[in-house]
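Visitor: These are the residues of each chain, in order.
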Amino acid sequence: MELLEDIKAAKDVVNALLKAKKTFRMYPETNPMYEKTIEDAYAKFRSFFDYRDELKLKIKQNELFCDSEQVYHNTQKEDNIALFFFKDGLREITFKKGFSHKELEEFLKILTVDYDREVVDDDVVTLLWERDFHNIRYVVDESFLAEDEDYETSAVKEARDKAPEADELARAYADAFKEEGVKDISIVPLTDKDLHTLVKELEKDAYNKMDKLLIIIFEMLYQAESKSDHEDVVHFLNDAVEFSIRHGDLETVIRIMEMTKEVTDGPSVPDDIKKYLGLVFSFLGSDAEIKLLGEFLDSGVEIEEKVFDEYVRFLDKNAIQPFITILGELKTIPARKNVINALIALGKKDIQSLAKGLYDSRWYVVRNIIYILGKIGDKKAVDYLIKTVNHSDIRVRKEVIKALGELGTSGVLQTLKECLDDPEVQIRTSTARALGNIRSAAAKSIILQRMADKNFNKNDFNEKKEFYEVLSRWKDNDVIEFLMKILKKKAFFGRAVNDENRACAAYCFGLMGCKEALPLLYKIRDSQNKLLREYAYTAIKRIEYGQ
Amino acid sequence: MASKEEVFTGAKDIINQLAVIIRTAAIHDPGNVAVTTAVDKFVALMNPLIASEGELTLELGGEFFYINETRIRYSLEYLPNFDFLIREFKKRGLGSIVFKSIMKGADMQTFLKAFISSIFSQSPFETLSEDMAGVHSMSVGKLRKVRDEAEGEFDIRREVKKSYFNAVSYTRGVINKIKSGEKIGIKKAKRVVEGMVDLILEEEQLLLGMTAIKDYDEYTYHHSVNVSILSVALGQRLGLSKKILTELGLVALFHDIGKIEIPNEILNKPTNFTDDEWVIMKKHPFWGVRALLKLRGFDATSMRSAIVAFEHHMNYDFSGYPKTRKRFELDFYSKIISLADQYDGMTSSRVYSRIPMSPDRALSLMMERAGKQLDPILFKFFINMIGVFPVGTLVMLDTKELGLVYQSEAMFLDRPKVLVILNGKGEKADSYIVDLTEKDSNGNFLRTIVKTMDPNKYKINLAEYLL
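From first to last, the protein sequence lines stand for chains H and V. The first sequence maps to residues 1 to 547 in the working numbering. The second sequence maps to residues 1 to 467 in the working numbering.
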């Protein structure tokens with residue numbers, strides 16, 4: 001009866017392994033299901049070990065056997081655990097009673113690897129071998145490794161057939177009595193110093209091998225004899241760049257580019273070699289590499305600003321478009337910030353390419369490009385930016401108005417003036433701020449003109465306040481005169497609106513720190529209108545105490 | 001309580017400390033403070049581990065120590081103590097020490113006295129065992145021969161041979177695929193090398209013996225496998241981990257990949273190369289880098305392989321080729337593989353030298369090169385590994401028997417196993433194997449090598465005798 005029970009327990013183990021193979025693919029290590037899967041499988045192993053000291057599974061293509069009892073059968077290729085082991089040559093696997101929880105987890109990880117992926121250079125047997133489990137033993141059939149099954153027989157026969165018709169053993173025997181005695185190959189024993197030197201060398205050996213390989217690749221360049229040799233070198237340098245980006249090693253990329261630049265800057269380097277090496281710079285800025293960089297930036301690894309700036313220094317303008325593409329795909333703020341900084345640096349080399357980003361279908365990308373163009377500060381950007389003031393998304397319109405204000409050329413004034421008529425209050429206030437940034441007399445004139453308009457008074461208090469705030473940037477007679485007029489103005493009808501305007505004028509005087517306005521402000525400090533009273537009081541404090 | 005991992009991490013310390021107390025006790029009186037301090041340290045190291053494991057067995061199997069059946073990896077810094085302990089165990093026929101329960105310093109003192117005095121006995125193990133009878137926390141076991149029966153030895157030789165030829169066959173297949181432009185993965189290559197690493201760990205001398213036979217038609221493939229085996233064996237002596245040994249073996253397997261671009265008529269030329277042919281030969285390091293990087297792109301193994309393919313002829317003193325504009329340090333693997341490559345090249349008739357050298361002559365020449373073309377420290381390890389009398393050396397014994405060195409003995413370098421092909425009367429008889437470590441009842445060796453000769457000089461076909 002017990003025989004049946006242990007076979008049943010063996011089947012349970014196999015089923016638990018099958019289940020774990022699926023679960024491990026679905027859940028990360030942090031998920032409670034992950035730990036539960038291990039616990040369940042471990043419990044099945046423990047149950048089996050109640051009956052026996054080891055679980056030995058014989059592996060056939062579609063079956064697993066415990067003793068002679070079949071404990072698993074599957075003729076399908078998919079999810080066939082027997083075939084999974086069998087195809088790599090595994091023919092028997094034994095779990096010993098001491099099989100620990102930790103070992104089980106490691107074993108389950110091996111079961112879960114997707115071995116069909118091209119980048120995976122290991123198979124099940126290799127991973128079992130590398131882990132060197134204390135409580136797992138296995139038997140492997142290695143014959144499939146030989147490309148030719150009969151090679152041993154034929155090679156041995158060939159070697160033996162080479163025997164001369166007659167060797168000269170008799171002569172050897174006779175000579176043995178004549179020749180000098182045993183040559184003493186004395187062995188110099190290993191000293192502590194030897195061992196110490198070796199240990200040091202082994203420690204050093206763990207360092208990154210890329211720098212050495214780069215020296216070799218450049219050596220190949222110096223000794224190249226043909227066009228194809230040059231092409232190979234470029235190909236390897238590109239691969240080195242890609243490998244380094246993939247591993248987030250931007251410092252190495254910088255070194256590669258520095259070495260490449262050193263060669264291209266060399267006075268005696270022929271033009272065709274320079275041309276080939278130029279391809280490495282283009283490669284660095286290609287779609288694929290920038291996409292890879294984006295993945296790295298998004299990974300959350302902190303990058304030193306200095307390193308990233310240095311990296312960007314080697315990028316060519318061909319990187320602009322790929323950067324614009326990834327700008328809309330990045331998930332993290334630091335990553336986007338880095339890309340924006342990169343585009344600010346690169347955009348200076350080619351405003352036109354950067355401006356193409358203004359036609360991107362994603363509003364947030366357009367907004368970022370506008371920001372970048374604004375930061376670059378190149379007046380050439382104005383023509384491109386003006387075209388986006390009518391963008392369907394208000395956030396874009398706000399950004400472009402701001403950028404136009406920062407660029408501040410005379411060409412933007414007419415556009416900004418028109419924006420003051422925008423039905424959206426946010427656009428109108430942004431425009432006012434943009435005009436304020438320009439600070440020119442013409443900009444002031446536009447603002448004053450708008451504020452003098454009778455319709456302006458009907459605007460919301462906060463909008464009006466924004467305009468007055470902007471106006472405070474011009475501390476000149478025109479403005480003082482305008483404000484005085486507002487502040488003195490009395491009205492019998494629409495008194496509330498008039499007091500709002502006066503409060504705004506008081507606010508503006510306060511911001512300007514205008515002492516000439518103090519007598520008038522003292523007067524209205526006791527106004528019956530609460531708003532006016534408060535704004536006058538605050539303005540006085542600002543002017544008198546600079547608060 | 002010590003965890004399982006701690007037990008095996010501490011294993012190297014156990015070997016080291018045991019060697020230290022035995023060395024100390026051999027010089028000083030057991031009551032000397034140097035001995036008692038070392039003993040106390042050993043007991044303090046062992047007791048937590050014994051408590052954790054219940055019982056701890058330190059066993060010698062072949063050339064390795066095992067703790068509770070787990071092999072203890074060589075550690076470079078403790079290497080002399082590892083070797084010392086193996087030698088001392090073997091001298092006494094001691095195979096294992098079982099630590100059965102928590103021990104006291106006095107138990108260890110008894111063991112030390114018994115261990116040291118047993119060497120003067122005719123039957124050292126029996127004496128040691130009797131002297132230990134009163135110690136309940138420890139017991140000793142007799143040294144087991146790894147393979148007592150001829151049948152077992154035959155099986156393992158067959159397995160070694162099979163693995164060797166599988167590796168060559170794989171290499172041939174893979175190189176042909178590369179030649180025809182096919183893309184190759186390294187999963188199979190890894191498996192081939194892992195198999196070799198296992199054999200190096202268990203049957204080092206047998207596998208090394210397979211590299212002694214050079215009379216194959218397609219020697220290029222055998223050379224690649226031989227260099228891989230010799231490199232892994234050397235790496236193993238340096239205490240490298242299994243994973244690193246696999247990488248070293250893989251890198252070594254492809255060190256000459258650049259030669260696929262050399263025309264066969266040059267590569268297999270029966271006479272010495274002309275200057276022009278040398279110019280082509282010297283390009284193979286560049287071609288090797290190109291082939292490897294094109295084949296695999298960039299990953300840790302391909303990068304390492306490309307570096308070694310480039311450097312393996314540069315020499316320790318940079319007197320070789322290619323010459324480079326920028327001076328740099330040679331890669332550690334390059335130094336190892338360069339040793340293995342030179343040795344296998346010198347002893348074969350196809351690579352570089354048209355005239356093969358006998359193994360002992362090759363080692364003598366390499367000794368002259370050590371410190372110049374070859375790394376002197378690694379060479380010391382290499383010569384210890386190959387043995388003073390490498391497999392395939394033709395030797396005359398003091399019994400006037402003529403034979404070929406069949407298998408080296410790692411601990412007694414000058415006392416290998418010899419396949420006798422002419423008996424004491426100079427007559428050709430059925431070959432038989434003699435073990436030069438065997439002694440007569442008076443403790444004298446039964447046979448000793450008195451002369452070495454070059455088997456090539458006498459047209460002796462090693463394959464006929466050794467395969």
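It is worth saying that the hints were derived from the structure and are not from the lab. Just to be clear, a hint being listed does not mean it is correct.
What the hints assert, rightly or not - Once the Cα atoms are required to be at most 25 Å apart in a straight line, the calculated DSS-like pairs of lysine-lysine come out as: (1) H:K261 - H:K274; (2) V:K187 - H:K87; (3) V:K323 - H:K77; (4) V:K41 - H:K209.
What the hints assert, rightly or not - Rough simulated footprint, nothing fancy, chain H against chain V, three-plus residues with beta-carbon under 8 Å: (5) 231-238; (6) 316-326.
Stated by the list, open to error - Label pairs and their in silico Cβ distance ranges: (7) H:K274 - V:I280: 28 to 36 Å; (8) H:L202 - V:K104: 36 to 44 Å; (9) V:S441 - H:R46: 51 to 59 Å; (10) V:D317 - H:R91: 17 to 25 Å; (11) V:N444 - H:A206: 43 to 51 Å; (12) V:K104 - H:D192: 26 to 34 Å; (13) H:D272 - V:D317: 30 to 38 Å.
Beta carbons: idealized from backbone N, C-alpha and C, even for Gly.
Visitor: Taking the hints in turn, state whether each one holds.
Guide: Checked hints:
1. H:K261 - H:K274: holds, 9 Å
2. V:K187 - H:K87: Holds, at about 13 Å.
3. V:K323 - H:K77: violated, 54 Å
4. V:K41 - H:K209: violated, 41 Å
5. 231-238: violated (count 1)
6. 316-326: holds (count 4)
7. H:K274 - V:I280: 28 to 36 Å: holds, 29 Å
8. H:L202 - V:K104: 36 to 44 Å: Given a distance of about 39 Å, which is inside 36 to 44 Å, the answer is holds.
9. V:S441 - H:R46: 51 to 59 Å: Between S441 (chain V) and R46 (chain H), where Cβ atoms are some 56 Å apart, the hint holds.
10. V:D317 - H:R91: 17 to 25 Å: Given about 50 Å between the Cβ atoms, the range is violated.
11. V:N444 - H:A206: 43 to 51 Å: holds, 49 Å
12. V:K104 - H:D192: 26 to 34 Å: holds, 33 Å
13. H:D272 - V:D317: 30 to 38 Å: Check passed, 36 Å falls within 30 to 38 Å.
Checked against the numbered hints given earlier, this structure breaks hints 3, 4, 5, 10; the rest are met.
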